[in-house]
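Number of protein chains: 2
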Amino acid sequence: MNKQKNLYLLALIFISACSQNESVGNNSEAEDQKTFNWRLVTAWPKNYPGLGMAPERIANLVEEMSNGQMKITVYGAGEQVPAFGVFDAVSSGSHQMGHSGGYFWKGKAPAAQFFTGVPFGLTADEINAWTNRGGGLELWREVYEPFNIYPIPAGNTGTQMFGWFNKEINSLEDVRGLKMRIPGIGGEVLKRAGGIPVTLPGGELFTALQTGVIDATEWVGPYNDLTFGFHQAAKYYYYPGWHEPGSMLELLINKDQWEALPKHLQVIIDTAAKAVNQDILDEYTARNNRALRELVDVHGVELRKLPDDVIAEFKVIANDILEENAAKDPTVNKVYQSYKKFKEEVSAYHKVSEDAFVEARND
Amino acid sequence: MNKQKNLYLLALIFISACSQNESVGNNSEAEDQKTFNWRLVTAWPKNYPGLGMAPERIANLVEEMSNGQMKITVYGAGEQVPAFGVFDAVSSGSHQMGHSGGYFWKGKAPAAQFFTGVPFGLTADEINAWTNRGGGLELWREVYEPFNIYPIPAGNTGTQMFGWFNKEINSLEDVRGLKMRIPGIGGEVLKRAGGIPVTLPGGELFTALQTGVIDATEWVGPYNDLTFGFHQAAKYYYYPGWHEPGSMLELLINKDQWEALPKHLQVIIDTAAKAVNQDILDEYTARNNRALRELVDVHGVELRKLPDDVIAEFKVIANDILEENAAKDPTVNKVYQSYKKFKEEVSAYHKVSEDAFVEARND
Numbered sequence: 000m001n002k003q004k005n006l007y008l009l010a011l012i013f014i015s016a017c018s019q020n021e022s023v024g025n026n027s028e029a030e031d032q033k034t035f036n037w038r039l040v041t042a043w044p045k046n047y048p049g050l051g052m053a054p055e056r057i058a059n060l061v062e063e064m065s066n067g068q069m070k071i072t073v074y075g076a077g078e079q080v081p082a083f084g085v086f087d088a089v090s091s092g093s094h095q096m097g098h099s100g101g102y103f104w105k106g107k108a109p110a111a112q113f114f115t116g117v118p119f120g121l122t123a124d125e126i127n128a129w130t131n132r133g134g135g136l137e138l139w140r141e142v143y144e145p146f147n148i149y150p151i152p153a154g155n156t157g158t159q160m161f162g163w164f165n166k167e168i169n170s171l172e173d174v175r176g177l178k179m180r181i182p183g184i185g186g187e188v189l190k191r192a193g194g195i196p197v198t199l200p201g202g203e204l205f206t207a208l209q210t211g212v213i214d215a216t217e218w219v220g221p222y223n224d225l226t227f228g229f230h231q232a233a234k235y236y237y238y239p240g241w242h243e244p245g246s247m248l249e250l251l252i253n254k255d256q257w258e259a260l261p262k263h264l265q266v267i268i269d270t271a272a273k274a275v276n277q278d279i280l281d282e283y284t285a286r287n288n289r290a291l292r293e294l295v296d297v298h299g300v301e302l303r304k305l306p307d308d309v310i311a312e313f314k315v316i317a318n319d320i321l322e323e324n325a326a327k328d329p330t331v332n333k334v335y336q337s338y339k340k341f342k343e344e345v346s347a348y349h350k351v352s353e354d355a356f357v358e359a360r361n362d
Numbered sequence: 000m001n002k003q004k005n006l007y008l009l010a011l012i013f014i015s016a017c018s019q020n021e022s023v024g025n026n027s028e029a030e031d032q033k034t035f036n037w038r039l040v041t042a043w044p045k046n047y048p049g050l051g052m053a054p055e056r057i058a059n060l061v062e063e064m065s066n067g068q069m070k071i072t073v074y075g076a077g078e079q080v081p082a083f084g085v086f087d088a089v090s091s092g093s094h095q096m097g098h099s100g101g102y103f104w105k106g107k108a109p110a111a112q113f114f115t116g117v118p119f120g121l122t123a124d125e126i127n128a129w130t131n132r133g134g135g136l137e138l139w140r141e142v143y144e145p146f147n148i149y150p151i152p153a154g155n156t157g158t159q160m161f162g163w164f165n166k167e168i169n170s171l172e173d174v175r176g177l178k179m180r181i182p183g184i185g186g187e188v189l190k191r192a193g194g195i196p197v198t199l200p201g202g203e204l205f206t207a208l209q210t211g212v213i214d215a216t217e218w219v220g221p222y223n224d225l226t227f228g229f230h231q232a233a234k235y236y237y238y239p240g241w242h243e244p245g246s247m248l249e250l251l252i253n254k255d256q257w258e259a260l261p262k263h264l265q266v267i268i269d270t271a272a273k274a275v276n277q278d279i280l281d282e283y284t285a286r287n288n289r290a291l292r293e294l295v296d297v298h299g300v301e302l303r304k305l306p307d308d309v310i311a312e313f314k315v316i317a318n319d320i321l322e323e324n325a326a327k328d329p330t331v332n333k334v335y336q337s338y339k340k341f342k343e344e345v346s347a348y349h350k351v352s353e354d355a356f357v358e359a360r361n362d
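Chains as they are written, first to last, in numbering that gives the first Met the number 0: chain A, 0 to 362; chain B, 0 to 362.
For the record, the hints were derived by calculation from the structure and aren't laboratory data.
Among the clues, some could well be false.
The list cannot tell twin chains apart, which means a pair is met if one copy fits it or any two copies do.
[Stated by the list, open to error] Result set (DSS-like, lysine-lysine): computed pairs, CA atoms no more than 27 angstroms apart in a straight line:
1. K33 <-> K262
2. K33 <-> K304
3. K254 <-> K33
4. K234 <-> K350
5. K70 <-> K33
6. K350 <-> K166
7. K45 <-> K105
8. K314 <-> K333
9. K105 <-> K190
10. K304 <-> K327
Turn these sequences into a full structure, and let the hints guide you.
Here you go:
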């Protein structure tokens, strides 16, 4: 029933968009000055720090730049649709916009994961470069096209932490039987290494950790993790975040409604999202260190590095899984080949540029 | 004479800006719909790839987002003012906008260098975070305020290469007497290590290298260097670019004329510059590797790493120079203390996040 209704609405919107274009033409004055009130649903709690503020900032910029012509109202997860209902809401056109992470939609579009990030993949700068200047964006739009969704990059967390643990990880042996909340390909890697990946929403993690339902959880990084209070429920904070090296967030737009917008509003939305994409990374980059120091110095958290042989094993497994997934699905394979080639090239260059510099600076 | 004329023009502009504000008020319809035709002068050759395209892209975005209300015409170096005349042109108001690098203006404002980058300093992501979320932007605006200039970050080259050499650098001994084109604090470091820093505009570097007037030159990185043909005039290509770890470019705006703009056009300019700031880095990140491979594989360039003891000595000297400069000038000191503290904090965090990840990925 809902689907039928949505299809009907979609058809109406489509017809109305077409007739607008026909009757007034592009960039006519009437079309250009029409006002727009759009609704944006998110996969995050309302006003959640860092990534959750990306849609609010995009909405503010769009309203200011359009001088009030376009107003976007942002709804937190659960206010109008549940967190994992964002993709369908934008696809059906019940809501014009959404903000989320592509890897949430791997059940619908398995290739979507590459547009957030994959284990041992691209860092923030690298995924930006692949998306905007290396062919990634065109592939992303192709992957979401059957869902009538137009995606734009809109935020990045930078390299995450591996997460919070109540068990020490000194060897691969310690991974066996480990119950950890870790979604996506990271979870598949843990499973193949003998662990037990668990899926739980963010709001339930603290209690699950404290009561021993799970032994460990990943989340984002110090700036976000501190506000969730994980240090009161777990002893060890492990790095590096091999599973999420530079997670990119997404602004989802219903494609029919996007195409019916006057050109200047399209450029305003696209540019606002680009500016916020960097702004969110800037915020994490600026705030994570102080939060980490507070966790370690004030709350006595033990910061630990994952042993090299555990990381090496995870890397082998992650690579196997990526290759197997690509062999199963031509769309996944197409995106994977582009991502993999870009990673080989960009990491070769970064070895003689930023990586070599950072090593010299830190020595 | 010219200065007086400029002051007179400035006064006129200021009065006219004030009277506009008084007569029509902020955001009145008349004020909001007034059209603007601005001129932007740059320190780069017209349509120079990478950094030189930043002002063109900003101009396009502003025109599209404002739906034609604001038009910016971009002039290459020498078309209306020489490369190093950009700061004065914007300061006087003869041109409303400029695009350049802050370290060009160290003679006028010694603290300006920190807003491009300093040896062994912040990488691209780090300088973005310091500027936008760590207090850097407020300091930058304070430093340029006496010149009536309002700066906005507008592009980043990423970590540069150390440059092109016709002499091998195997030890500190080889640096003595080395004639190298290297501007700014990098040049001061070379001088104190026994080398001879030379200042030459980009267009003269090829001939100077080929005729032996200089032994070496730094420029940007493979993507830009390939187009200049340096591989035909030098044997060795050295890394890492310790002297320019993530050079940020600047959009300069005459402050009086900025303040007289309607609010929505201010936000449009600011957001366009933010989007282009990332776009230019994306372009370098995506293009540098292929250019480097072409240099090495097709043109037989020898890629070399600077010896560790040479880098270590440069780092000690760079640190001494930064401390000495700060002791001489309270404004430099204020900016330096903010930059230094941010660098300590962000590099500590990056050691357990992105750096640790990259090490794990590349092992």
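How the hints compare with the structure:
Taking the closest pair of Cα atoms, K33 and K262 come within 27 angstroms of each other both inside a single copy (12 angstroms) and across two copies (20 angstroms). Within a single copy, K33 and K304 get their C-alpha atoms no closer than 56 angstroms, and across copies no closer than 59 angstroms, so neither meets the 27 angstroms cut-off. For a Cα distance limit of 27 angstroms, the shortest separation of K254 from K33 inside one copy, 19 angstroms, qualifies, whereas the shortest one across copies, 33 angstroms, does not. Only between protomers do K234 and K350 lie at most 27 angstroms apart by alpha-carbon distance; the minimum there is 21 angstroms, versus 34 angstroms within a single protomer.
Taking the shortest alpha-carbon separations for K70 and K33, both the intra-copy value of 12 angstroms and the inter-copy value of 23 angstroms come in at or below 27 angstroms. Taking the shortest alpha-carbon separations for K350 and K166, only the inter-copy value of 23 angstroms comes in at or below 27 angstroms, while the best intra-copy value is 34 angstroms. In this homomeric assembly, K45 and K105 come within 27 angstroms of each other (Cα to Cα) only inside a single copy, at 24 angstroms, whereas the closest approach across copies is 45 angstroms. In the homo-oligomer, the alpha carbons of K314 and K333 lie at most 27 angstroms apart inside one protomer (21 angstroms), although the nearest pairing across protomers, at 45 angstroms, exceeds that limit.
Taking CA atoms no more than 27 angstroms apart as the test, K105 paired with K190 passes inside one copy only; the shortest distance there is 17 angstroms, against 57 angstroms between copies. For the identical chains of this complex, K304 and K327 are neighbours neither inside a copy (34 angstroms) nor across copies (42 angstroms), given an alpha-carbon limit of 27 angstroms.
Violation of the numbered hints given earlier is confined to hints 2 and 10; the remaining hints are satisfied by the structure.
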